[in-house]
Structure formats: C-alpha cells, structure tokens
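*Asks:* Chains P and V are the protein sequences, given in the same order.
The first sequence runs 1 to 334 under this note's numbering.
The second sequence runs 1 to 334 under this note's numbering.
Honestly, the hints are just simulated from the structure, not real lab data.
All values reported here derive from a predicted model rather than from experimental measurement.
One or more hints might be untrue.
You can't tell identical chains apart in this list, so a pair holds if it fits in one copy or across any two.
[As the list claims (entries may be wrong)] Straight-line distance between alpha carbons at most 25 Å, and here's what the computed SDA-like set of lysine to any residue pairs gives:
#	residue 1	residue 2
1	285	230
2	234	56
3	202	57
4	105	305
5	234	255
Protein chains: 2
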Amino acid sequence: MTNRQVVIAELPKGALTPEHFRLEETGMPVPAEGEVLMKNILMSIDAANRAWMQGATYRAPVLAGDAMHTYAVAQVVESKSDRFKPGDIVAGESHWAEYVVKPAKALIKQPDIGSLSHLLSAYGIAGKTAFHGLLSVGTPLPGETVLVSAAAGSVGMYVGQIAKAIGCRAVGVAGGAEKCDWVVTELGFDACVDYRDENFFKALRKAAPDGVDVYFDNVGGKVLETALFQMNEKGRVVCCGAVSQYDSAAPSGPRNVPGLVVVKRLRMEGFIVMDYAHNDAAAVKALQNWTDSGQLKVVEDIVEGLENAPGALIGLLAGENRGKRMVRVCPDPE
Amino acid sequence: MTNRQVVIAELPKGALTPEHFRLEETGMPVPAEGEVLMKNILMSIDAANRAWMQGATYRAPVLAGDAMHTYAVAQVVESKSDRFKPGDIVAGESHWAEYVVKPAKALIKQPDIGSLSHLLSAYGIAGKTAFHGLLSVGTPLPGETVLVSAAAGSVGMYVGQIAKAIGCRAVGVAGGAEKCDWVVTELGFDACVDYRDENFFKALRKAAPDGVDVYFDNVGGKVLETALFQMNEKGRVVCCGAVSQYDSAAPSGPRNVPGLVVVKRLRMEGFIVMDYAHNDAAAVKALQNWTDSGQLKVVEDIVEGLENAPGALIGLLAGENRGKRMVRVCPDPE
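The following block holds chain P by itself, in its conformation from the complex:
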C-alpha cells in the first residue's frame, strides 16, 4: 500500500509558487505504541501556513523536505492507543498527505455534527478565532464600530457577522468592488471598503463616520496604517495576522506606530486561538445558536484533491477565496 503527500521542495524567499512544492508517493506510515494512523478528510488552508515557512513562530517552523504542515479533520484507521478506535473522527495537527501517523494525545475527538467541514469553519478554528479575538481581545460594546480586514476571508467573515449579532456597526475591508459588494449583500455587513481603491482613505472614513473602536487586523501593512488614522481614542486593535507581509521579501511597518498609539491611547494586542481554549465551549455554543437563528451565514470554499493543496494556498494568499478555504482529501465517511 502506498501513500501520497505534498512536500516542501524549497522554502520561499518571496512570493509562494507551485515550484516550492512537489507531490510524492511514499510507503504507508506505521503507528508505534501510543500513535494512530489516520486518513485526512479535510485540510484547513490558512494564511498562517505561509507564516510557518518564515521560521519559528508560536510553533515549530516548516522546513524544506517536510510534508507541509496543516490542521485537519481525519478518521482513525488504526489505533495503538486507548484513546481512539478505528472510525473515530479526530482533529489536530497533520500533514498534506492521504495518511498520517500522529501521537494520539495530540488529537482531539470531534463531535458528530453532520457536515465535517463545519469543524474547520463556523465551529472550528475560523469561527473560534473570530469569536475569541473580537470578544476577548477587542472587547467591543454594542453601538461601537468594528472594522475588519480580509472581510471575505475565513475569519473576517465571522468577525463582522458576530459584531452585527451583538449590536455593533460592522465595516469590512476587502480587495475589489465585487468582493466588497458580496460582503455587504451576502454577509450583511453595514459597509465594505476596497483597499485597492485609490480613495481608500476617504472611503473608509465615510464607511465609519463615527470612527473605529475595534479594528480586527488580519493583514498588517498599509491597511493597518490607514486604519490607525481612523481609530477613536482608547480604540483596540486585535492583531490576528499579517497576511500582506507573509509573502513579501521586504515587509514595511506602519509609520504611525507608536505615534498614534500614544496620542490616541490605543491598545494593540496579538493573540492565538489556542490562548482562549478555556472559552471554546461558550464559543461553539454561541456560534451554533447564531447559525441556527440565521444570524451567522456559513460560507465554505472547498478545493477538491490533495494535489491541489499548493494552488489552494497560493490562491488564498492572493485573496481569491470567499469564506473558509479547505482541501478535501476524501469524502466524509457515511
């Protein structure tokens, strides 16, 4: 029996391209004591994957020769651990591969929720990141204005919808007029501004006439710099990602940091979804309630086939996705 995996051929120095990856056939991996052999079903595609290639972050770096790291939902095929039995659905760190061996203790058994893709979107990393970052880091009050970049992306789309659900004004930033229209008409944001527009600064001011109280930043760079000018005193900047910088060989810093941070008494705070795992149960409950009531739309962007994972990530970095992007390696089990 053979396995297929996508390996990093070479680490990128600038923009990520298909040449940085190669598809390999290998032997089937064998679990040791305490490990399980699992079959990937859905692999999460995230901007953070690109950041992992830049060196050590909050986790070990990805290196040339590695099967690309990912977060995935998988089914246990063979278990050398009391924790799991064949057929169990689990989630955790995985690789871009059909079959992967992992220590049982690094995996979490998943509830039966019908469509497994929701474990990576609304009730998974994307929804939880939006929930914890907006509410625990950004601490918005109903009536305040929440701005979010990458508003059509996996996290941004939930940030704006949660902001609306709790009574805030939700303003998005996205790339291109068509995507901005979609964010307003499909997701129900109050406004969405195109950062590629030459009048971005003025358009943002018009979209947030009372200023911005919470800016949920997924992109860094120029959009962050522009947003800081619109912040109200005592505003909060939730630092979730810097996708504009990951694919760049020469990152640029916001020139109004720390000047405006002092003058406006801003708080900029970074977080990782795992920091708030103690509140995950509340997050999932609220996200399910809002989904059931129709206040939260779940939008997923599923790319079929392991071999298409490199293109899925490259496209995500270019902003082509709407909603949570993932790669399906095999169908949901019956």
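Chain V: place on chain P using the hints.
*Replies:* Chain V alone, transformed into the frame defined by chain P:
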C-alpha cells in the same frame, strides 16, 4: 510694565532649530473675571512639546505666532477668582513667558514641598508618568525584566528605579557609553545598552538574558523594532512617546509590527499621564516613600533663564539632558 515671551516664529518641518522661535517684549496681560495673572517659576521641558508642533494630538496643536505652550509651576500675582489669592503656588498649562493669564479653574494649587522643582520631577509629570505607565499599563511582576528607552531622561530614569524598587530587573537604553555608565552607576539599573553601538542587538540580548517582559518605550523607531525581537511571549509594550520620530520629516515604522505582536501575543498600549489621575495620590505617596528611603534618586537638569528655553528643548531632543529638564524663569519665592 512689560512682559517677555518666546513665540513660535515658524513651525518646524524637520529638525527644530533656534530660528523657529523669537523672544518678544509685550504689554503685561490683564486677568478678566475668573482668571489669574501668574508669574512662571519653572517651566517643564518635554519631548512632547515637539510633538505638539506636529498638529492636534491629545491636546490642541501649537501654532505659529503662539507663545510656546508648556506645563509650569507658577506663583499667583493677581487673582480675579475665589480659588486663589496672590502668593499661591499653582501648576498647569502655561506659556514660555514671564507672566501669563490663565482661567483659575485650569490651575491646581500645589502643596508646600520645599523645593518647587520636585513638583515637575519626582512628584510631578515625570515621576507620575513613570509610575502609572510602568505599573498600570506595563503591569510588571517582581522577577520580570523591564526595559526602558531614554533611560537617562526625565521619565526613563524613574521607570528603571521603580522597576528595581518593586523587584524587577531594570535594563536601560541610552545614547553613548558615558550616559549608559551613568544610568548603571548613579541610578542603579542592572544594565544599560547604547543604541548607537553597532552591536546594539547583541548587547541588548546579553543585558536581558531572560528576554524582556515589559518594554517602556519613549522613542519608537529602530529601538522599538529591536526591542520587539527581545520580547517574551505575552510581553507588554508601554507606548509613552516616540521622540525618535518627532523631529523627523520621514518617520519609519517598526517592520515587525504586527507580525511579532501576533506571534508573541504582545500587548502594545499607549497612555497619557492624565488618564491615571485617579491614582495620583498613590503615585505621589509611593514616590515620596521611595525618595525618603533612598531607593529613588531625584536628578534634575535646570536651565536658567526664559531666553534659553528654545535651546533647552532643542538639546533635550538631541538627548543632552540627564534627568528632568526644566527652565527656571525666576527663583523660588522665599
């Protein structure tokens, strides 16, 4: 009777020079109902004065033709208000002048503490800024490492000394080997690193071998960027000022913002001393206790004569002061 004042001849676009000011003789100002005529005794010279020339900040901007704004300790000469009588010592917003008229309600009566200069240093804005910023914004724990830039300056010198007093490791950043030696030997910091040194990055790592938990930033720019690389996870950056940027026509942003803020889950937070006025009584009490016990050294840098105020500010921006700089307009009253 005539008055003397120093007026902004022209607002600076780049570096501040003596040509941006002119000394004028004017008539004696006359207080209206609710106002007082006061005689400046000591004027506070602060990096923030330069920031006020860049436009509206947390206060109204300073404009060409204005007598330069300042914070000062003064004596009431004539009062058209029940709040004060001639001879009272007051503090508040003032101008670079011998005599100034101000609304009585904008002034605060000062306690009798012997040396009036301490009202601008240890028990005034400098000491309170260090106290509130370090303790309420930076929230250091005993045993943690506190890094502070402009360590020989009016605020920085208290930040490091307060850090030591509560059981932290105190590391300073200053310009030049001689000043760094002084910070360690005179002020008792554990270490002080010269930001002009070509090995600044390595020297900082050596001075803070366990990393930095709280960075009290007075300067922004390259020093901020370098400090962020040394921060520990969940570190706090107290954004107090950006003196490296005020005198620059082309400010530069820290290129690791927001990347490192996310990865290390940092909190960067700006503040103004007035935000914590509700804790001023505690601050002054603690600062007095530490001064009385010898844990806090009070260092003042007093420039004599109103006409020397422009040079005092220009020199401060170049980093020539040690301790709190102020300008004496007239002697303390008997």
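*Asks:* Hints first: check each against the structure and report whether it holds.
*Replies:* Right, here's what the structure says about each hint:
1. For the identical chains of this complex, residue 285 and residue 230 are neighbours neither inside a copy (33 Å) nor across copies (39 Å), given an alpha-carbon limit of 25 Å.
2. When the C-alpha separation of residue 234 and residue 56 is checked against a cutoff of 25 Å, the pair qualifies only between copies, where the shortest distance is 16 Å, while the shortest distance within a copy is 32 Å.
3. In this assembly of identical chains, residue 202 and residue 57 lie within 25 Å of each other by CA distance solely across copies; the values are 20 Å between and 35 Å within a copy.
4. For the homomeric pair residue 105 and residue 305, neither the shortest alpha-carbon distance inside one copy (28 Å) nor that between copies (72 Å) is at most 25 Å.
5. In the homo-oligomer, the alpha carbons of residue 234 and residue 255 lie at most 25 Å apart both inside one protomer (19 Å) and across protomers (23 Å), since each shortest distance falls under that limit.
Violation of the numbered hints given earlier is confined to hints 1, 4; the remaining hints are satisfied by the structure.
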